[in-house]
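Participant: Taken in order, these protein sequences are the chains called L and G.
Heads up, the first sequence is in this note's numbering, so the first residue is 1 and it goes up one at a time.
Heads up, the second sequence is in this note's numbering, so the first residue is 1 and it goes up one at a time.
Warning: the hint list may mix true and false statements.
Claimed, not checked - What follows is a set of in silico ranges between Cβ atoms, one per label pair, in the way DEER data are often shown:
1. L/28 <-> G/30: 24 to 34 Å
2. L/15 <-> G/69: 46 to 56 Å
3. G/44 <-> L/31: 17 to 27 Å
4. L/72 <-> G/79: 33 to 43 Å
5. L/69 <-> G/79: 21 to 31 Å
6. L/94 <-> G/73: 19 to 29 Å
7. G/3 <-> L/54: 35 to 45 Å
8. L/57 <-> G/79: 39 to 49 Å
9. L/15 <-> G/65: 20 to 30 Å
10. G/52 <-> L/112: 44 to 54 Å
11. L/54 <-> G/12: 25 to 35 Å
12. L/74 <-> G/99: 42 to 52 Å
13. L/82 <-> G/16: 39 to 49 Å
14. L/74 <-> G/82: 36 to 46 Å
Stated by the list, open to error - Which bits of chain G does chain L cover? Going by a derived footprint, with three or more residues having C-beta under 8 Å, they are:
15. 13 to 22
16. 50 to 61
Quick caveat, the hints were computed from the structure, so don't treat them as lab data.
By construction, the Cβ of each residue, glycine as well, lies at the ideal position given by its N, Cα and C atoms.
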Amino acid sequence: GESVGLHLPTLSVQEGDNSIINCAYSNSASDYFIWYKQESGKGPQFIIDIRSNMDKRQGQRVTVLLNKTVKHLSLQIAATQPGDSAVYFCAETSGAAGNKLTFGGGTRVLVKP
Amino acid sequence: NAGVTQTPKFRVLKTGQSMTLLCAQDMNHEYMYWYRQDPGMGLRLIHYSVGEGTTAKGEVPDGYNVSRLKKQNFLLGLESAAPSQTSVYFCASMFGGRDEQYFGPGTRLTVT
Chain L
1 GESVGLHLPT LSVQEGDNSI INCAYSNSAS DYFIWYKQES GKGPQFIIDI
51 RSNMDKRQGQ RVTVLLNKTV KHLSLQIAAT QPGDSAVYFC AETSGAAGNK
101 LTFGGGTRVL VKP
Chain G
1 NAGVTQTPKF RVLKTGQSMT LLCAQDMNHE YMYWYRQDPG MGLRLIHYSV
51 GEGTTAKGEV PDGYNVSRLK KQNFLLGLES AAPSQTSVYF CASMFGGRDE
101 QYFGPGTRLT VT
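Okay, chain L solo, but in the shape it has when bound (with noise of 0.2 Å):
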């Protein structure tokens, strides 16, 4: 597959333990945020979103949490899995021309059995 982000930060994590994905986001005006999950070779999986008028968002085995005073997302894994193995993306949007999004610039999470 691609090399997606040969730069990318990198969470090295044991199986069984919770991950923890931060992304700072500069836009004040945004008010819908995804999270994405992107394996080798493939394009982007839709995982978890939250509007900004919410704080916290849950899943399963993910949750989402939103402070907007600092203007940060974080992603929460629950008992990373081998397959939780890839490049995760933060996205915002204000909805502003074409409701486009600005993506973040993905952390690379590797899982360690």
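Given the coordinates of chain L, assemble chain G onto it according to the supplied hints.
Facilitator: Frame of chain L; chain G shown alone:
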């Protein structure tokens, strides 16, 4: 549903050659987007469309053109390929409003 599909999956071009990448979606989505992804750069928006017959420039539009003649298709053209356009290209579509974008599997383009 096939979702978002991209054609071709791989392509090698010589400098100065032209080509068209095809994106198709069967979800009746209004919005469609073309991104490029380079190592360490994340996804950058090239062009997008908010509906059939409309197109608009994104963050890195130079050297690319697009067309949205049918709602389900979004074409990305390179008129005169340059080595700087070597990248992985992703297409995405979205129903509308604040919603997730659905991505295709990508096209790896190499320009020599």
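Participant: Next step is simple, just say for each hint if it's right about the structure.
Facilitator: Hints versus structure:
Here the CB-CB span from residue 28 of chain L to residue 30 of chain G is close to 27 Å, well matched to the stated 24 to 34 Å. Between residue 15 of chain L and residue 69 of chain G the CB atoms are about 49 Å apart, so this pair conforms to the stated range of 46 to 56 Å. Residue 44 of chain G and residue 31 of chain L have their C-beta atoms about 22 Å apart, which keeps the hinted 17 to 27 Å range intact. For residue 72 of chain L and residue 79 of chain G, the hinted distance range of 33 to 43 Å is satisfied, since their beta carbons lie about 42 Å from each other.
For residue 69 of chain L paired with residue 79 of chain G, a C-beta distance near 47 Å fails the hint of 21 to 31 Å. Checked against the given bound of 19 to 29 Å, the beta carbons of residue 94 of chain L and residue 73 of chain G, roughly 28 Å apart, stay inside it. As the Cβ distance of residue 3 of chain G to residue 54 of chain L is approximately 27 Å, the hint placing it in 35 to 45 Å is violated. A hinted range of 39 to 49 Å holds for the C-beta pair residue 57 of chain L and residue 79 of chain G, which are about 44 Å apart.
For the pair residue 15 of chain L and residue 65 of chain G, the supplied restraint of 20 to 30 Å is violated, since their beta-carbon distance comes to about 47 Å. In this structure the supplied range 44 to 54 Å holds for residue 52 of chain G paired with residue 112 of chain L, their Cβ-Cβ distance being about 48 Å. For the pair residue 54 of chain L and residue 12 of chain G, the beta carbons lie near 46 Å from each other, so the given range of 25 to 35 Å is not met. Against the hinted window of 42 to 52 Å, the Cβ-Cβ separation of residue 74 of chain L and residue 99 of chain G comes to about 22 Å, which falls outside the hint.
A beta carbon spacing of about 45 Å between residue 82 of chain L and residue 16 of chain G agrees with the range 39 to 49 Å that was offered as a hint. Roughly 39 Å separates the CB atoms of residue 74 of chain L and residue 82 of chain G, a value that falls within the hinted 36 to 46 Å. Residue count for the segment 13 to 22 of chain G with a Cβ under 8 Å from a Cβ of chain L: 0. That is fewer than the three needed, and the coverage hint is violated. For a cut-off of 8 Å, the count of residues in the segment 50 to 61 of chain G with a CB near a CB of chain L stands at 3, and the three-residue condition holds.
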